[in-house]
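One letter stands for each residue in the lines below.
There are 2 protein chains.
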Amino acid sequence: MLCEIGNSCYHFKQNGKIWKAAVRSTPKLELEKDETVYTISVNETAMRRLARRYRTFDLEPFVNLDTLYYGLGVDRAVACLAVSTGVLVDAGSAITVDIMRDDVHLGGFIYPGLAKFQRMYAQISPRLQKAMNFAIDPESLPQNTAEAVSYGAVMPLISAVKTLARNKPIILTGGDGGYFARYFEDAIVDHSLIFKGMDKIIKEF
Amino acid sequence: MLCEIGNSCYHFKQNGKIWKAAVRSTPKLELEKDETVYTISVNETAMRRLARRYRTFDLEPFVNLDTLYYGLGVDRAVACLAVSTGVLVDAGSAITVDIMRDDVHLGGFIYPGLAKFQRMYAQISPRLQKAMNFAIDPESLPQNTAEAVSYGAVMPLISAVKTLARNKPIILTGGDGGYFARYFEDAIVDHSLIFKGMDKIIKEF
Numbered sequence: 001m002l003c004e005i006g007n008s009c010y011h012f013k014q015n016g017k018i019w020k021a022a023v024r025s026t027p028k029l030e031l032e033k034d035e036t037v038y039t040i041s042v043n044e045t046a047m048r049r050l051a052r053r054y055r056t057f058d059l060e061p062f063v064n065l066d067t068l069y070y071g072l073g074v075d076r077a078v079a080c081l082a083v084s085t086g087v088l089v090d091a092g093s094a095i096t097v098d099i100m101r102d103d104v105h106l107g108g109f110i111y112p113g114l115a116k117f118q119r120m121y122a123q124i125s126p127r128l129q130k131a132m133n134f135a136i137d138p139e140s141l142p143q144n145t146a147e148a149v150s151y152g153a154v155m156p157l158i159s160a161v162k163t164l165a166r167n168k169p170i171i172l173t174g175g176d177g178g179y180f181a182r183y184f185e186d187a188i189v190d191h192s193l194i195f196k197g198m199d200k201i202i203k204e205f
Numbered sequence: 001m002l003c004e005i006g007n008s009c010y011h012f013k014q015n016g017k018i019w020k021a022a023v024r025s026t027p028k029l030e031l032e033k034d035e036t037v038y039t040i041s042v043n044e045t046a047m048r049r050l051a052r053r054y055r056t057f058d059l060e061p062f063v064n065l066d067t068l069y070y071g072l073g074v075d076r077a078v079a080c081l082a083v084s085t086g087v088l089v090d091a092g093s094a095i096t097v098d099i100m101r102d103d104v105h106l107g108g109f110i111y112p113g114l115a116k117f118q119r120m121y122a123q124i125s126p127r128l129q130k131a132m133n134f135a136i137d138p139e140s141l142p143q144n145t146a147e148a149v150s151y152g153a154v155m156p157l158i159s160a161v162k163t164l165a166r167n168k169p170i171i172l173t174g175g176d177g178g179y180f181a182r183y184f185e186d187a188i189v190d191h192s193l194i195f196k197g198m199d200k201i202i203k204e205f
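Chains A and B, in that order, give the protein sequences.
The first sequence begins at 1 in our numbering and counts up one residue at a time.
The second sequence begins at 1 in our numbering and counts up one residue at a time.
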């Protein structure tokens, strides 16, 4: 069994099935006798909680991404391991964009998650406190304030990803990953990237 | 004399000279007898303060920008009047991007000012609370978190402006306008756009 432990959820994969559980309590797992739960975690408390009840094995020391990036989150690094060449967009409360070429991580940037923009616009001016609709059309210029702030949050990111991708594939993951698919021709949505990265680490043992 | 009244400052132009004064108090102006101060204002309190002491004339009813945009701020509209064809970037606490073609305003979007990003990243995670350096190199991918958040704030906007500009000129204004000049070949920095727009309105009387 594989388990990615994030700030709010455990994400599990077992026999091809993927599911999640809140980190507030110890999840109930159906495991074979002595079955190991392989983990990648950015949440120490939740990691310890899982380790008290089950036999766990932390894959973090075996994450070996070819990169010059200092301080790359382990979850981000493991997802990158699953992509040989491409632009990886992981869209959640933050949106990380990482560039891979021939199994080398060339670098990446961090953009605020779309939900954060609404709060930020409201902090700038009450006139910008608008209900946002992120389903913009990049080809259609905004004609009012609500459209202008929604477009301003989404279109620059799309434009940046296209600029960096050139002819490389674009792989979308994370809670809002599927949402971005409409903006790219031939983008791949893959919510199991991190598990693919974990599988790769285990196979290389 | 021309005066643009913003949220924090009066901006004056008289005899080719431009200067500003805080809106907290009534500015001291040297005017000819019966000289009129032509104004454009987004700040009613400051507007009334000026009008109590000087002879003012509000140009707002005469702003006649050809646009379908509903609710365009009067300062933004007047700056657009000064641009026949081009992409106008006004970078302040918010960054507005407006597209003009043959004296028609085609639409525009609003991006948070760069200073707002730092706060937004900190709200997402303490790990993203980094001193930002907005002097990024768009061609050089970030290799640590501080670079990743700075690049994430600046590069998507640059990319969006380039995408929309194609071969149109890019005109930069506002407090952070000059800062963006390095990112565009042949961008024009013009801090007197709004006064040029006001001049145009007066000439058309």
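The hints are simulated quantities; they were obtained by calculation from the structure and are not laboratory data.
Some hints could be false.
Note that identical chains are pooled: a pair holds if it fits in a single copy or bridges any two copies.
[Said to hold, decoys possible] With a straight-line cut-off of 27 Å between C-alpha atoms, the simulated DSS-like cross-links for lysine-lysine are:
hint	residue 1	residue 2
1	K130	K196
2	K203	K130
3	K168	K28
4	K116	K196
5	K28	K13
6	K116	K130
Here is how each hint holds up against the structure:
1. K130 / K196: neither (39 Å within a copy, 31 Å between copies)
2. K203 / K130: neither (49 Å within a copy, 36 Å between copies)
3. K168 / K28: Neither. Shortest intra-copy (41 Å) and inter-copy (60 Å) distances fail the 27 Å Cα cut-off.
4. K116 / K196: neither (29 Å within a copy, 36 Å between copies)
5. K28 / K13: within (14 Å within a copy, 71 Å between copies)
6. K116 / K130: both (13 Å within a copy, 17 Å between copies)
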